[in-house]
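Whenever a hint applies, use it, and build me the whole structure from the sequences.
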Amino acid sequence: MSIKIPTSAVRSIRVGAGLVVLLIGAIVLAVFLGSEKLSVFELTGPQSAILFDIRLPRILLGACVGASLAVAGASLQALLRNPLAEPYLLGVSNGAALGTMLAFVFLGSIEFARPLMAFAGAGLATFAVYQMARSRAGMNVERLILSGVIVTTFLSSIIILMTSLLDATRLRSFTFWLLGDLSQATKGGFFLTLIAVSVGTVILMTQARALNLMMIGERDAFDYGVEIGRTRLVVFATASGLVGLSVAASGSVGFVGLIVPHLVRLAFGSDNRNVLPFSAMFGASFVVLADTLARTVIAPLELPVGAITALIGCPLFIYLLRKN
Amino acid sequence: MLTVRNISINFGERRVLKDISFWLKPGEIIAVLGANGAGKTTLLRALNKTLPLSGGEILLEETALDGFSRREIARRIAVVAQENETKFPVTVSEFVLAGRFAHGSSFGWETENDIRVAKDCLHLCGLDQLENRLMNELSGGERQRVLLARAITTEARILFLDEPTNNLDISHQASMLRLVRERTNTCESAAIVITHDLNLASEFADKILLLKNGEIAAQGAPDEILTEKNLLDVFGVKVLLDRNPMTENVRVTTLY
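Same order as they appear, the protein sequences are chains R and H.
Residue numbers for the first sequence, in this note's numbering: 1 to 324.
Residue numbers for the second sequence, in this note's numbering: 1001 to 1256.
Don't take each hint at face value.
Covered stretches of chain R, going by a simulated chain H footprint (3 or more residues, C-beta under 8 Å) [what the hints assert, rightly or not]:
no., stretch
1, 79 to 88
2, 206 to 215
3, 221 to 235
4, 260 to 270
Think of the hints as simulated: they come from the structure by calculation, not from any bench.
All values derive from a computational prediction rather than experimental measurement.
Glycine is no exception: its CB is placed at the ideal position from the N, C-alpha and C atoms.
Structure representation (structure tokens):
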């Protein structure tokens, strides 16, 4: 007996392999570019420390954060039937940021408080936006975006209020972190997000076929056998978890969840069994490259990576909004 | 196949369906007629457990509908409803293959059998040429045929069609209903069709349900139901009745 793999799956595996090669290439490039030039074969003691303790954790964390945000964005878009849904724009990232900040100020000594509070904040923000955007007539693009803006603004104002509790030095690093900043990367943060993004992507993949129907219409999905309540819960919870952990590790890197799935759909179609894993891999490469740019463009000074992704993402958002 | 006993549905205080009873037998096409807001779509949505009943019961294959999961219902009842427009680039073949959802595992790819069934259904609906086109590039009529193709791809024995001939030109209207007729004749299947076209109902239906304000005003063979009195009562219009010279079925002409 031989197992036949459908031709569409073979193609997906090929494309996936190509995207892994791209990711490895991006990581290698990122390792050798930076304010301290590293040569391939000879590393001095301090250089080796820079590479293994500072640069590599940062690059790998960037990859995990990029994958998390992209796959969360892709799944939320399919669920909400809206290519403009994005963790940052929906207020999910800000919810996570507020959670992280509360943990930072009030529970500073407890190590796992930050990711947990970030997850809780992301979940609550997702729920709030969803409830606001929903009406008897269903959910339209404008309502969803508007609800996201309102929740984002509200959460931002609380965050600003809370910054008054911080002293001047912490304020600067905090402002960077709010914009999305990978410079505080640690090995622990990397391992946590790596585990989260691996598990999260697999969980979301179990919903991929259901999401293929959901993105056409909730009623269609229901008629064709999807338990939409369960799919909604799984996707919201998983996406919130992924966004929460990313934000706890690196702040709100915006627009990754918008740019990456859009390009993936453009290139490979809308089947979520492809869109989700491809977005994860391409999102990882994207953030690694964006952060390399952030580290090098005004070296030895640095930009927050979120500034780079927003510079690319905003024009794309405007384009997509007009096209709709 | 489907037995409906005294079902009622309330939306809050408002009673939208009241005491509806009928049977759907294998090979049968039932047309549901009635004015806007008479409860036609609500009835279809109750029949596949989208809306909860306030009273009465529905039996699917002699078993209470309540006991079926979404997937089990989706394998038995396929729906062609008015369509949502998707904002994502979905191809016709992807759209139709999604109709196999209830057959496979929720994880993984469609089997060769799934693909073969979908290809056959695309062919039946005359969509071979459009396989790789994007859904949002299609005309209204083409899209309607894709919806039918997805419905029959489920291999469900019961088809629900909610105004399937909207957006279709007269040739496609007839070919769509002929296709439904062929399936009910050959595949041990049955269909319930909501339509506003009295003549299509007369030509294709075995039985007509006439709904008025959420109640059945009359049910039976087209000959018995399409009468001047019933149509005046339900639609408030005067009609002229005669026979189609080719098929001998009742022909309705509205008098304006």
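Margin query: Hint by hint, where does the structure go against what was stated? Just the numbers, ascending.
Written below: none
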